[in-house]
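With UniProt numbering applied, the sequence shown corresponds to residues 1 to 234, in that order.
These are calculated hints, taken from the structure and not from any lab test.
Mixed in with the good hints there might be a few duds.
What the hints assert, rightly or not - Only pairs whose alpha carbons sit at most 35 angstroms apart, straight line, appear in this in silico DSBU-like list of lysine-lysine:
1. Lys54 - Lys201
2. Lys109 - Lys129
3. Lys190 - Lys129
4. Lys109 - Lys201
5. Lys109 - Lys190
6. Lys190 - Lys54
7. Lys201 - Lys29
8. Lys201 - Lys190
9. Lys170 - Lys109
10. Lys170 - Lys54
11. Lys29 - Lys54
12. Lys29 - Lys190
13. Lys201 - Lys170
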Amino acid sequence: MSDSIAVLAAPVIAIDGPSGSGKGTLCQKLARHLGWHLLDSGALYRLVGMAADKHGCAFDDEAAIAILAANLDVEFVAGEAGEPTLVLLEGEDVSGDLRTEATGMLASKVAVLPAVRSALLGRQRDFAKAPGLVADGRDMGTVVFTTAPVKIFLTASAEERAERRYNQLKSSGDDVNLATLLGEIRARDKRDSERELAPLKPADDAVHIDSSGLGIEEVFNRVLTEVNARLVSL
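The whole structure should be built from the sequences, with the hints applied where relevant.
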């Protein structure tokens, strides 16, 4: 992908890692604590995947899906205190479907397409506005925000990530199978880490944190320590 270096308009905390590592919860907590903007890059890829599926695009039709990505009709509507963000795709509320395993698989399929990633690159970088940005994704530190002063690679074992997802879905009343979830997570990890374009991997200067066995407060405090140490000179 071209133009992998970009001058940042505001400081960025880039947090990458596999699905289920706790990135989403951590990033939301950091953004609230700091009063910074939040970029959920995975949501953009999920929405492109949903749009492609909705319009009947073949997932090997890179040109057609790139056009969808470049013209993605999406709106994020902030909820009331304690309420989740409402996500509208082409005017339709897709909040409930956005985080399903099926949608995650669609996102993984479109994320391997170079033209799709290029179409979303500038859109993601536009989120870097004062006072700062917390960016959640898989290539935030390696491609999108390569000069970010803080880069974190958050991971956990596949088994723990599957257990977390299983408990989350069960609490929502979904009928799920732990073994099936584990297989899907391993398959997605393999596809994301082995893809030729922007594979899932830590940036050379990223801090590695394994969240296996850790609570969100423990992870948050470790990351906040890194943030305070690395941003003090800005």
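Verification of the hints:
1. A hinted pair counts as satisfied when its Cα atoms are at most 35 angstroms apart, and Lys54 with Lys201 qualifies at roughly 30 angstroms.
2. Annotation: proposed proximity of Lys109 to Lys129 holds, straight-line Cα distance about 30 angstroms (limit 35 angstroms).
3. Between Lys190 and Lys129 the alpha-carbon distance is near 33 angstroms, which keeps this suggested pair within the 35 angstroms criterion.
4. Pair hint Lys109 plus Lys201 holds up; C-alpha atoms about 18 angstroms apart against a cutoff of 35 angstroms.
5. The hinted pair formed by Lys109 and Lys190 meets the criterion: a straight-line CA distance of about 12 angstroms does not exceed 35 angstroms.
6. Restraint check for Lys190 and Lys54: satisfied, since their Cα atoms lie roughly 26 angstroms apart, inside the 35 angstroms limit.
7. For the hint pairing Lys201 with Lys29, the CA-to-CA distance comes to about 23 angstroms; that is within 35 angstroms, so the pair holds.
8. Simply put, Lys201 and Lys190 have alpha-carbon atoms about 11 angstroms apart, close enough for the 35 angstroms limit, and the pair holds.
9. With a CA separation close to 26 angstroms, the supplied pair Lys170 and Lys109 stays within the 35 angstroms bound.
10. With a C-alpha separation of about 27 angstroms, the suggested pairing of Lys170 with Lys54 holds against the 35 angstroms cut-off.
11. Distance restraint check for Lys29 and Lys54: the Cα-Cα separation of roughly 32 angstroms lies within the 35 angstroms cut-off, and the hinted pair is therefore satisfied.
12. For the hint linking Lys29 to Lys190, the alpha-carbon distance of about 28 angstroms falls within 35 angstroms, and the restraint holds.
13. About 30 angstroms separates the Cα atoms of Lys201 and Lys170, which keeps this hinted pair within 35 angstroms; it holds.
The structure shown violates none of the earlier numbered hints.
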